[in-house]
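> Keeping their order, the protein sequence lines are chains A, B, C and D.
In terms of the working numbering, the first sequence is numbered consecutively and its last residue is 893.
In terms of the working numbering, the second sequence is numbered consecutively and its last residue is 893.
In terms of the working numbering, the third sequence is numbered consecutively and its last residue is 893.
In terms of the working numbering, the fourth sequence is numbered consecutively and its last residue is 893.
Any given hint might turn out to be false.
To be verified - Calculated cross-link-like contacts (lysine-lysine; reagent style DSSO-like; alpha-carbon spacing at most 30 Å):
{"hint": "1", "chain 1": "B", "residue 1": "Lys588", "chain 2": "B", "residue 2": "Lys616"}
{"hint": "2", "chain 1": "A", "residue 1": "Lys853", "chain 2": "B", "residue 2": "Lys616"}
{"hint": "3", "chain 1": "D", "residue 1": "Lys803", "chain 2": "A", "residue 2": "Lys616"}
{"hint": "4", "chain 1": "C", "residue 1": "Lys616", "chain 2": "B", "residue 2": "Lys616"}
{"hint": "5", "chain 1": "B", "residue 1": "Lys728", "chain 2": "B", "residue 2": "Lys616"}
What the hints assert, rightly or not - Derived Cβ-Cβ restraints for the label pairs, each shown as a range:
{"hint": "6", "chain 1": "B", "residue 1": "Arg855", "chain 2": "C", "residue 2": "Ile571", "range": "33 to 43 Å"}
{"hint": "7", "chain 1": "C", "residue 1": "Lys616", "chain 2": "D", "residue 2": "Thr845", "range": "55 to 65 Å"}
{"hint": "8", "chain 1": "A", "residue 1": "Ser709", "chain 2": "C", "residue 2": "Asn747", "range": "54 to 64 Å"}
{"hint": "9", "chain 1": "A", "residue 1": "Thr807", "chain 2": "D", "residue 2": "Asp846", "range": "53 to 63 Å"}
{"hint": "10", "chain 1": "C", "residue 1": "Lys728", "chain 2": "D", "residue 2": "Thr807", "range": "22 to 32 Å"}
{"hint": "11", "chain 1": "B", "residue 1": "Glu566", "chain 2": "C", "residue 2": "Glu594", "range": "16 to 26 Å"}
Think of the hints as simulated: they come from the structure by calculation, not from any bench.
Please read all numbers here as calculations on a predicted model, not as lab measurements.
Just so it is clear, CB atoms sit at the ideal spot from N, CA and C, and this is done for glycine as well.
4 protein chains.
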Amino acid sequence: MGSSFGKLFRLSTWGESHGGGVGVVVDGCPPRIPLAESDIQIDLDRRRPGQSEVTTPRKEADEAEILSGTFEGLTLGSPIAVLVRNKDARPEAYSEMSEKFRPSHADYTYQAKYGIRNWQGGGRSSARETIGRVAAAAIAKKVIAQCFSSDLEIVPFVESIGTIRANVDTATVTRDVVESNIVRTGDPNSVEEMIDKIKEIRGDGNSIGGVVGCVIRNVPVGLGMPVFDRLEADLAKAMLSLPATKGFEVGSGFAGTEMTGRDHNDPFRMVDGKVRTTSNRSGGVQGGISNGEDIVFRVAFKPTATIMTGQDTVTTDLEDTELKGRGRHDACVLPRAVPMVEAMAALVLVDHMLRQRALAGDSE
Amino acid sequence: MGSSFGKLFRLSTWGESHGGGVGVVVDGCPPRIPLAESDIQIDLDRRRPGQSEVTTPRKEADEAEILSGTFEGLTLGSPIAVLVRNKDARPEAYSEMSEKFRPSHADYTYQAKYGIRNWQGGGRSSARETIGRVAAAAIAKKVIAQCFSSDLEIVPFVESIGTIRANVDTATVTRDVVESNIVRTGDPNSVEEMIDKIKEIRGDGNSIGGVVGCVIRNVPVGLGMPVFDRLEADLAKAMLSLPATKGFEVGSGFAGTEMTGRDHNDPFRMVDGKVRTTSNRSGGVQGGISNGEDIVFRVAFKPTATIMTGQDTVTTDLEDTELKGRGRHDACVLPRAVPMVEAMAALVLVDHMLRQRALAGDSE
Amino acid sequence: MGSSFGKLFRLSTWGESHGGGVGVVVDGCPPRIPLAESDIQIDLDRRRPGQSEVTTPRKEADEAEILSGTFEGLTLGSPIAVLVRNKDARPEAYSEMSEKFRPSHADYTYQAKYGIRNWQGGGRSSARETIGRVAAAAIAKKVIAQCFSSDLEIVPFVESIGTIRANVDTATVTRDVVESNIVRTGDPNSVEEMIDKIKEIRGDGNSIGGVVGCVIRNVPVGLGMPVFDRLEADLAKAMLSLPATKGFEVGSGFAGTEMTGRDHNDPFRMVDGKVRTTSNRSGGVQGGISNGEDIVFRVAFKPTATIMTGQDTVTTDLEDTELKGRGRHDACVLPRAVPMVEAMAALVLVDHMLRQRALAGDSE
Amino acid sequence: MGSSFGKLFRLSTWGESHGGGVGVVVDGCPPRIPLAESDIQIDLDRRRPGQSEVTTPRKEADEAEILSGTFEGLTLGSPIAVLVRNKDARPEAYSEMSEKFRPSHADYTYQAKYGIRNWQGGGRSSARETIGRVAAAAIAKKVIAQCFSSDLEIVPFVESIGTIRANVDTATVTRDVVESNIVRTGDPNSVEEMIDKIKEIRGDGNSIGGVVGCVIRNVPVGLGMPVFDRLEADLAKAMLSLPATKGFEVGSGFAGTEMTGRDHNDPFRMVDGKVRTTSNRSGGVQGGISNGEDIVFRVAFKPTATIMTGQDTVTTDLEDTELKGRGRHDACVLPRAVPMVEAMAALVLVDHMLRQRALAGDSE
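With the hints as constraints, model all of the structure from the sequences given.
Have a look at this one:
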């Protein structure tokens, strides 16, 4: 259990980083949505390792095959299964891992929980698992555009790498700007510094964390459910389910806790016949439900756990030892985290859109 | 939909702030757990309004009645229904609310989503809804203690109110210290300043936010599921489902994003025959699964939306207008948020304990 | 677990036959449906004991109180909690039950499963639990009528009592005919014989079973999901979840197994511009999905387990003994089973209607 | 939605009869269960077409590939994905199906529900979908044997084909007897007659139905949940979710409705220190929970819808027309239905075993 997400647009991911492959089954996709493998491949290519000089040089083609759920280019309404074969597995690179727990990885906890683990890699905790999510989200985005909101726009971006903070205005940042640079920041002026930082950190055998910000525009009013399935609660779960994440905040977030209500409240005004707020410290959600303003949130990513220097650890035989990372890893996951954040946001939105349609029909 | 939580220890809350009452049904509680209404009442009393000079003077007795699921003082294994009648409803105090949307409340979004709302109060978005959660968590804590971990300890505390930060060491803070002061902070030296601040803010008709920290000790290794139902993902959802929350972080959180892997990783060492980490930036979870270290997290609460000064808003007829808050409200929810955070933490833990027992039986 | 039903229109029943009360929480009801307690009471009165000379003389008023989820006579879209207090509890009548397992009741299995049971009555296995289902279904029927199909008609009827078979044509039987006689059969000519049979059996301290048939008319085409959540699979589960049921069949059922495909297949013809079948051995479902023809099914009810003659049994101390039934019980549950079958059918339908609306919107 | 089954041992099947393949993802399988592809292949071979002279001559190798969830021959506790590629697709054989709805198939209802269908075959309504279920159940049976009940035995058998009824004693029928004949009946004396009947029917271009009986022995006491998730309710749903099923009965079933309570009740007696019943009209379940006696149930299968004679039907353009079946199909699904019934029974059992372990731990 634990590998499925969504109530109505339900995905089930499967697969270890080493083994036959990884993939996803999406159950609940509406019928007659145009869908081709190329729709999925675009986003997998944004996610895959080896795509630029700031990601791991490990090459993975990550070619998606749709096994079911479509017919003559359209979805059938039946489960869509997507398969990506594993390649380039070099278990020998990981042999030491069979005997030692890598610090701040899931090796120890998986072993303790299950009494077994695929020590050739991170197993289910590998970022490779997110292939299934990104594939499912590529489908979700097509559903959103066709059935619910053709102008809805999810724009995630790297806001910081270590202590380098990009200067990004969530009201104006565009997807084009973000995708035009290999760190995927929303601030062209920070690109060079960020690239240099990642290279420096990598050259040092070290790693570094950062923050992904995200704005979602043109969200229909009324998404999200009161109480447990608040839109921001589901976004929080979605984001914290991504590997290496340590925090989530929406709207004013932690900074807002230092404000008073008089400064924090978002006044309502009528604008062009619509109820709007003149500020957006709520971050687009009130009472767990979208209010039509931009949804704005931030996700904290810790530095990658794999580093190329010796670290204290213990063996699977419970002896103290030392371990030095090997292999080809991202020194900074942030550039590749951007499409993952986007994917999880799309999956939360499409599910709540379907839930709202169940509740209220099309017209509301 | 949206009013249930948990896969195996499943609670369904119901009830508006104004109406017959509020309550909860807990399905999945193991049998033969000693349970009396007084077990529930203790926590409801920590949650209820009017309990001290820093909470709203609104008096609500919040007396819990167990309607089912117990027999001769023990749980039956069947659903446990708990009812708390609403009292002290003074709808006349809210009449203006029928015509105007209160800024940064759920009035507008509920109306937009459902085309109807109980304008006599916050409806399901009221903090009163959390009565059901706190009642369910009182049961959950008994299950944890009897079936899984008798020394597990959840210690939430007020870490900050506005810009006033308590000096709390999560390794040593005790429940006794927290419960001995009416703001429920973990730092005795901050109590007076925090009380004064709340009184000052209230006297000004304003409100203020803050942060609740929480440490959970003696957590069994192996709780949480890979991928979507990571322990921290479920905690994030749980906390962001509480009214007025805007952020969640676990372990190093947002601050950790500025660190390098070399400084951030938690080295393993054998201590007293157990695998331990010599630091705890992971916050007690690795790969989504508890590693036996203290689980440490923080939750951001925004300032209460109800303030006693005029604010711009719109009417239900979509005209610009002004609204001034009335009635008796908390100027700062933090002291009462402490038992709510504790409740949600307990509910996440018990559910994952039952899930782990399903997977692996008792002996692991 | 096990006390909830439905994916989108989700009910959670609670309550033992002896204790504070029984009830239900319905989560997922669309907003703005007119709903009053009297809407629920009508169906509870059809279900309650003591309503006629062929049911148990035990009097239970079963007055429903709506505790949440409505405002000014309309549903809010929030959970609707309904409470019915237990009355007329006479635990002394059951004292022997604390020491002996009643044959063909749930006493032994509950004790074995949970290590505890409310021996004052049947606990959750009591027909009294169905109050919650009937209340939820009263709401479901209003949702169906207002949102989906104003002319949909569920007509359950007693088809047989013991070996007495009513002559009922599912194409023409009306609700008025069924409700006009106290056995609730669809055949006026069988009424007297059935009443006499029940009285005779009761006079003998014995009990008797029977079959409830059901036809549902004007069902929209397209309800039900392929594979596991076929409409007939969900109906089967719904019916077999009712106390005392032992079988379910749809359309041609077991009799159809003796036919050849040539005789069994339902040919399609265009009738008044609609795709119709010229026979209905499918029973209104094909491939798990409604085809617009009448849904026709049958449910087998065993004879009531409580009889007034001595029976072999064992004690809770695991000694052989004898037990003689006492108290006031139905000698035949069939007349009261009719509204229960209707309730479960309505609950299955409304859930699939909401699921279909999520998938395809209003227009399909 | 609708393609997943089980709460804790959760399978999600995917795939159309024509397209890339079919398969299943099993989430919730306990770790460290020995599992090889051959474990799955054994049952797939019992299910596949072309296995004997009484099944369709259509040859499908149905080779299973495990893509994830195992490591060095043991399950990891992570999702197990199984893929079976489609072969031998001859869409030209089905071209007429693009324009005409086959009577008593799912063609019309799928088209009406989704506005699209894979007309090259039955899509999700094809018996080919059951490959995923059978594969998942092969895993389930290993879990049951290793974790819960090593001597539990599921023995399904053909009880009747058309009007030919086998003489099978559920107390003594063995798996060996059933698997030793190609019709899979439990009565050696009926084998020849049944084979002849199927051949005769097939020679006539016709088809025929029948009943599968099933006995499950050595079931632990206490499986099943009160109210909605009764063991027999979940079995009913499981069986009615199989293609071509029209009925389910447990224990005395429909025949029991003609009995009186005095004759129907199962008296308890102590036997060898255990609580036993001296008869088993309950069919092994009381109050929805297993009582340790044999679970006995029957499933009705209608005659195959595909027949080789002309039938009235309508076109997708809604004109009356005629259709004659073509291709290679089973004239009688019963022999191949036996492993499907077994599969669904195993899936229900393993799920309830895990649920019971969550509730009560190992020791009960």
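> Each hint: holds or not?
Okay, the hints, checked on the actual structure:
1. B/Lys588 <-> B/Lys616: Status holds; Cα separation ~9 Å.
2. A/Lys853 <-> B/Lys616: Violated: A/Lys853 and B/Lys616 sit about 64 Å apart, past 30 Å.
3. D/Lys803 <-> A/Lys616: violated (56 Å)
4. C/Lys616 <-> B/Lys616: holds (25 Å)
5. B/Lys728 <-> B/Lys616: Answer holds: B/Lys728 to B/Lys616 is near 26 Å, not above 30 Å.
6. B/Arg855 <-> C/Ile571: 33 to 43 Å: Hint holds: Cβ distance 41 Å, inside 33 to 43 Å.
7. C/Lys616 <-> D/Thr845: 55 to 65 Å: holds (59 Å)
8. A/Ser709 <-> C/Asn747: 54 to 64 Å: holds (57 Å)
9. A/Thr807 <-> D/Asp846: 53 to 63 Å: holds (56 Å)
10. C/Lys728 <-> D/Thr807: 22 to 32 Å: holds (30 Å)
11. B/Glu566 <-> C/Glu594: 16 to 26 Å: holds (20 Å)
When held up to the earlier numbered hints, the structure conflicts with 2 and 3 and fits the remainder.
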